[in-house]
Amino acid sequence: MRRAGHRTSGTVILVVQGALVVGSIMTLIVVPLLIAQSRGTGNPTVLPLGYGVNFAVFWGVLAVITAAVSFGLYARGRKRLR
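Numbering follows the UniProt record's numbering, with no gaps: position 9 of the sequence shown is 9.
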């Protein structure tokens with residue numbers, strides 16, 4: 001990520017790194033639930049949610065928000081240079 005710093009501003013890199021940290025922490029929380037759900041339980045009400053779908057939606061929303069904020073910061077920085 002640091003090599004990209006020559007072409008993009010530091011704030012954009014910080015936003016992307018922050019999103020990666022948030023996504024990684026969420027992954028550490030959700031993966032045990034996915035494993036437990038795939039093994040199955042004796043009681044179907046223990047893990048009732050579709051964690052895989054929700055996890056994919058989370059990553060998708062995180063990617064879209066990160067791209068939008070990064071593009072906004074990049075465009076604002078380019079506008080200042082003019």
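Because the hints were derived from the structure by calculation, they are not lab data. Backbone N, C-alpha and C define an ideal beta-carbon position, used for all residues, glycine too. Possibly wrong hints are sitting among the right ones.
Unchecked claim - Simulated restraints, written as ranges between beta carbons of each label pair:
1) Val64 x Gly42: 32 to 42 Å
2) Pro44 x Phe71: 18 to 28 Å
3) Gly42 x Tyr74: 21 to 31 Å
4) Gly60 x Ile13: 19 to 29 Å
Against the structure, the hints:
Between Val64 and Gly42 the C-beta distance comes to about 38 Å, which sits within the given range of 32 to 42 Å. Separated by about 43 Å at the C-beta atoms, Pro44 and Phe71 break the suggested range of 18 to 28 Å. At roughly 52 Å, the beta carbons of Gly42 and Tyr74 sit outside the given window of 21 to 31 Å. Separation of Gly60 from Ile13 is about 22 Å and conforms to the stated range, judged on CB atoms against 19 to 29 Å.
Hint check: violations occur at hints 2 and 3; the rest are consistent with the structure.
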